[in-house]
Amino acid sequence: MFLKTRTEIVLAGVGGQGLILIGKIIGEAAALFEGKNAVQTQSYGVASRGGFSKSEVVISDEEVAYPEVLEPDLVLALSQQSYDMYRSKIGKDSLLIFDSDTIEQRECSGKAIGYQITSTAVNLHSMKILNMIALGILAGLSVSRANIAGFPSYDSLKKSLEQNTPAQYKNLNLEAFETGYKLVN
Amino acid sequence: MSKNIFDYIIEDRLPFFWCEGCGNGIILKSIAQAFADLDLDPKNVVVVTGIGCWGKADDYLSTNSLHVTHGRALAAATGVKAVNPDLKVIALMGDGDGVTIGGNHFIHAARRNMDITAIISNNFNYGMTGGQYSGTTPEPSFTSTSRYGSVEPPFDICALAKAAGAPYVARATVYHVNLLEKYIKNAILKKGFSVVDVINICPTYYGRFNKLKSPVDMMNWLKDNATTKLEEGNIYNNKFAIGEFANEDKLDFSTKYARIQKNARELSAHLEQDLSGK
Amino acid sequence: MKKQYTISINEKRCKKCGICVAFCPKNVFEININTVPRVTAPDACIGCNWCYLRCPEIAIFVEKREAV
Amino acid sequence: MTQEVKFLQGNEACLEGALKAGARFYAGYPITPSSEIAEMASQRLPAVGGVFIQMEDELGSMAALVGASMAGAKAFTATSGPGFSLMQENLGLAIMTEAPCVVINVQRSGPSTGLATKPAQADVMQARWGTHGDHAIITLCPTSVQECYDLMIYAFNFSEKFRTPVIFLSDEILGHMREKVVLRDDIPVINRTFPQGDPKQYRPYKPGDNKVPPMAYFGSEYIFHASSSMHDETGYPNNTSQNADKVIRRLYEKIYDHRDEISIVKEFETKDADVLFISFGSAARSSREAVNMMRKDGIKAGLLQINTIWPFPDRKVQELISRAKVVLVPELNLGQIINEVRKLSSGKPVFGVNKVDSTIITPYEIIDKAKEVLQNV
Chain L
1 MFLKTRTEIV
11 LAGVGGQGLI
21 LIGKIIGEAA
31 ALFEGKNAVQ
41 TQSYGVASRG
51 GFSKSEVVIS
61 DEEVAYPEVL
71 EPDLVLALSQ
81 QSYDMYRSKI
91 GKDSLLIFDS
101 DTIEQRECSG
111 KAIGYQITST
121 AVNLHSMKIL
131 NMIALGILAG
141 LSVSRANIAG
151 FPSYDSLKKS
161 LEQNTPAQYK
171 NLNLEAFETG
181 YKLVN
Chain V
1 MSKNIFDYII
11 EDRLPFFWCE
21 GCGNGIILKS
31 IAQAFADLDL
41 DPKNVVVVTG
51 IGCWGKADDY
61 LSTNSLHVTH
71 GRALAAATGV
81 KAVNPDLKVI
91 ALMGDGDGVT
101 IGGNHFIHAA
111 RRNMDITAII
121 SNNFNYGMTG
131 GQYSGTTPEP
141 SFTSTSRYGS
151 VEPPFDICAL
161 AKAAGAPYVA
171 RATVYHVNLL
181 EKYIKNAILK
191 KGFSVVDVIN
201 ICPTYYGRFN
211 KLKSPVDMMN
221 WLKDNATTKL
231 EEGNIYNNKF
241 AIGEFANEDK
251 LDFSTKYARI
261 QKNARELSAH
271 LEQDLSGK
Chain H
1 MKKQYTISIN
11 EKRCKKCGIC
21 VAFCPKNVFE
31 ININTVPRVT
41 APDACIGCNW
51 CYLRCPEIAI
61 FVEKREAV
Chain Z
1 MTQEVKFLQG
11 NEACLEGALK
21 AGARFYAGYP
31 ITPSSEIAEM
41 ASQRLPAVGG
51 VFIQMEDELG
61 SMAALVGASM
71 AGAKAFTATS
81 GPGFSLMQEN
91 LGLAIMTEAP
101 CVVINVQRSG
111 PSTGLATKPA
121 QADVMQARWG
131 THGDHAIITL
141 CPTSVQECYD
151 LMIYAFNFSE
161 KFRTPVIFLS
171 DEILGHMREK
181 VVLRDDIPVI
191 NRTFPQGDPK
201 QYRPYKPGDN
211 KVPPMAYFGS
221 EYIFHASSSM
231 HDETGYPNNT
241 SQNADKVIRR
251 LYEKIYDHRD
261 EISIVKEFET
271 KDADVLFISF
281 GSAARSSREA
291 VNMMRKDGIK
301 AGLLQINTIW
311 PFPDRKVQEL
321 ISRAKVVLVP
331 ELNLGQIINE
341 VRKLSSGKPV
351 FGVNKVDSTI
361 ITPYEIIDKA
371 KEVLQNV
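Chains as they are written, first to last, in UniProt numbering: chain L, 1 to 185; chain V, 1 to 278; chain H, 1 to 68; chain Z, 1 to 377.
For the record, the hints were derived by calculation from the structure and aren't laboratory data. One or more of the hints may lead you astray.
[Said to hold, decoys possible] For lysine to any residue, the following SDA-like pairs were computed, each having C-alpha atoms within a straight-line distance of at most 25 Å:
hint	chain 1	residue 1	chain 2	residue 2
1	V	K191	Z	N243
2	L	K36	Z	V5
3	H	K64	V	L38
4	V	K182	H	A22
5	Z	K20	Z	I187
6	V	K223	H	N27
7	V	K56	Z	K343
8	H	K16	V	D59
9	L	K89	Z	E365
10	Z	K246	Z	E365
11	H	K15	V	M128
12	H	K12	V	M128
13	L	K158	Z	V377
14	Z	K211	Z	G22
15	Z	K200	V	D7
16	Z	K206	V	D224
17	H	K15	V	A241
18	H	K15	H	P42
19	V	K191	Z	R24
20	V	K191	V	S2
21	Z	K300	Z	V377
22	V	K239	V	L189
23	L	K182	L	I113
24	H	K12	V	D59
25	Z	K161	Z	A244
26	Z	K343	Z	E269
27	H	K16	V	S2
28	L	K89	Z	E56
29	V	K43	Z	D198
[To be verified] To give an idea of the chain V side of the interface with chain H (calculated C-beta under 10 Å), a few residues:
hint	residue
30	P15
31	S30
32	Y148
Computed from a predicted structure; not experimentally measured. Quick reminder that beta carbons are idealized off the backbone N, C-alpha and C, glycines included.
Here chain L stands alone, though its shape is the one from the complex (with noise of 0.2 Å):
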């Protein structure tokens, strides 16, 4: 019945994780940089830090009218109650990125990869660029996989993100952005 016409992205795991920030960068990317329309949306409790949270973008050539993702093509996971949340609703055409570092039980309904998200950031700095590791991994993958092609470009990426980081902690995302690429090429 429906035609897929948008690019649907779920980034779930924990508030203060970053999501948002990363949703916003790669909705910005979109629509200001690829002439696409995108919104992002985000869903989260009333604790700041460390309960559910969860950021949505769609993207697509044509206008958006539901806001949010009905069936999504691509969902990050960096938390386990976030990964259960979805492990069953992906389709064969949906992929699943996980933190293989803090999620144990990955039984899943699709295709789902994981990468040690945690560590990477522990290794290059600290928690605090999980969210850009985590950018720069879909990033990668979407220059290698058809059916996320409406995911913004590495550039258009780069240059949101430049956008939206205060210039002291731009060289620092930028490598934590790099990282993550490198991690899929």
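With chain L fixed as given, assemble chains V, H and Z onto it according to the hints.
Relative to chain L, chains V, H and Z alone:
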């Protein structure tokens, strides 16, 4: 040409609607006299009033006025003052308006140090609605809602204002009119939040319920119970200390905010963005 | 020479509360129950102005005049 | 002149719209999910010579707006459910004193504290009738980040033109959603009409054109009284029944006489629609997706998106209902706008698509309901 009270009070609108012997007229006359002595231009004066007998005071004034809801005079006055710090903003409130329903606005206007003069007609009860007890009714007075005597201790408005940070706090009564005029003038001249707690008489309700039958009885009550020895004046025992309780210089909100306005563009550029992207 | 004062009462505004009468230090006024005060001893007035100051109705005024 | 294009949250776009409209005063009290507006107002207003003040509560915030408006500023605040409840008292003050101002309510799930971070659209009737007494009110409702910006300018324009508070009914989804927004400068900004003539003869509540009195500001040559209580053209109290009748009717008529000008609606595929959705806010987004999906499926669906909720667009709704086979009203509540639609449906059945689980309505839920209803027509 020197001004007089009728440059501010519209004589055609007299007599006042207040009951015989009510001291509100005395307070309003003192305010107009202060305006005249300070040669204020009526267009630069905004009188903000709340609800209650004293809330009707603006009906007789030829200055700008804003008559608002019960208890909110200081909040509305805050909006006026914040937008145009050159205006003289005077809030007229009763004890119910000013420190009971509006108590939160009162302490915060004091804390924020808005350059507003609050003149409180404190007659220890809600006159307009029939003499119910308020947040300043002395214990154990009788009112239409405390027929067996009030069991709630009253606020001492001056102590409250001072504790909340008001740089000018004074108390007079409608019997001690010279002091009243002087304090109102000092309050208007003070840059910052200034409070004059005016002990007023309500012969119709408070007096009648408390064996002070006539306006003259009530005036004598003020005369007998007021003291200029501040240490003796204890509002909780029906003794009123009259005098100035605070008179200091503190930067007011608008002066401080003007500095922020001046530097905001520069400051804004240096604000650290929130990394979380909230 | 003793100063003299003219006291005028605006009868329309006066609500007959009696405050001016009660607190006049020189007993310049007289009042009956529920009447507007009458100035019965104008020469006793010392111009202290307390009647004006304490009148809740702005109904009483004291003016200095030259003695004749 | 190049117009800025940004990727912003609805709340941020509200602030940009307010600044573009000339807003220079904000008084508010923080509350989720509206707080971003206060945070950004505190940063942006002083830089343009404006004032941000964080009041002790929403009662005081709304009163401060009225004071600021009378002192000449375009004033606004932002809040959500519990705070909006507290503002009702002095919203009435703004109506009575005819103080232009804008109140943003980023709706969240209630009643009472409810779910602070979750969306709802359940304050529709509160916006209309929350403050006591008979009155008219203008309420605008955005469905996108771009509309948060555009309609905010309209909100200020209407408030200035008609000397009335305008309620801006956003919701948590729109408030926190990011989209591309063009910070347009092609929407003309309207300012209140300043009085003319001899200041001594000024009657602050003497209506000019459009039943709206020209408005001075405190500190100008035009000294005036503004009052929460019943007053006549002079601004001083007048308690006669003739005056009360005149004032209350004028306050009502100054808005309802201009409802065509105030009314903003958008139609999607309505010309031949058998299935007509009537919706607003985030639910209108879901409805539009449902229209797209149903059209691809061969069902003639259409949407009337209501941006001006109050005054309700009676004539437009009546016109479209008369052509449709079935009418559905998706909304994030148990039925508020639907009652307005039913009043106008001349007996044609109107069905609700209602959701109160604190999540957005999905297009599938709307389509399922539409198909179920279609089977019975």
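How the hints compare with the structure:
1. V:K191 x Z:N243: Not satisfied, since the Cα-Cα distance of roughly 41 Å exceeds 25 Å.
2. L:K36 x Z:V5: Within the cut-off at roughly 13 Å; holds.
3. H:K64 x V:L38: Judged against 25 Å, a Cα distance of about 24 Å means the pair holds.
4. V:K182 x H:A22: holds (24 Å)
5. Z:K20 x Z:I187: holds (9 Å)
6. V:K223 x H:N27: This hinted pair holds, its Cα atoms lying about 18 Å apart.
7. V:K56 x Z:K343: Violated, at roughly 43 Å.
8. H:K16 x V:D59: holds (22 Å)
9. L:K89 x Z:E365: Holds. K89 (chain L) to E365 (chain Z) sits at ~18 Å (cutoff 25 Å).
10. Z:K246 x Z:E365: violated (48 Å)
11. H:K15 x V:M128: holds (18 Å)
12. H:K12 x V:M128: Status holds; Cα separation ~23 Å.
13. L:K158 x Z:V377: With a Cα-Cα distance of about 54 Å, the restraint between K158 (chain L) and V377 (chain Z) is violated, given a limit of 25 Å.
14. Z:K211 x Z:G22: holds (24 Å)
15. Z:K200 x V:D7: Holds, at about 14 Å.
16. Z:K206 x V:D224: With Cα atoms ~50 Å apart, K206 (chain Z) and D224 (chain V) exceed 25 Å; violated.
17. H:K15 x V:A241: It is violated: about 30 Å lies between the C-alpha atoms, which goes past 25 Å.
18. H:K15 x H:P42: Between K15 (chain H) and P42 (chain H) the Cα gap is close to 21 Å, so the pair holds against 25 Å.
19. V:K191 x Z:R24: Distance ~24 Å between K191 (chain V) and R24 (chain Z) Cα, so the pair holds.
20. V:K191 x V:S2: holds (24 Å)
21. Z:K300 x Z:V377: holds (14 Å)
22. V:K239 x V:L189: Violated - the C-alpha atoms of L189 (chain V) and K239 (chain V) are around 28 Å apart, more than 25 Å.
23. L:K182 x L:I113: holds (15 Å)
24. H:K12 x V:D59: Holds. K12 (chain H) to D59 (chain V) sits at ~19 Å (cutoff 25 Å).
25. Z:K161 x Z:A244: Holds, because 23 Å separates the two Cα atoms, which is no more than 25 Å.
26. Z:K343 x Z:E269: This hinted pair holds, its Cα atoms lying about 24 Å apart.
27. H:K16 x V:S2: Violated, because 31 Å separates the two Cα atoms, which is more than 25 Å.
28. L:K89 x Z:E56: With a Cα-Cα distance of about 46 Å, the restraint between K89 (chain L) and E56 (chain Z) is violated, given a limit of 25 Å.
29. V:K43 x Z:D198: Roughly 14 Å between the alpha carbons, so the hint for K43 (chain V) and D198 (chain Z) holds.
30. P15: At 4 Å from the nearest chain H Cβ, P15 (chain V) passes the 10 Å test, so the hint holds.
31. S30: holds (8 Å)
32. Y148: Violated. Min distance 30 Å.
Against the hints set out earlier in the document, violations occur for numbers 1, 7, 10, 13, 16, 17, 22, 27, 28 and 32.
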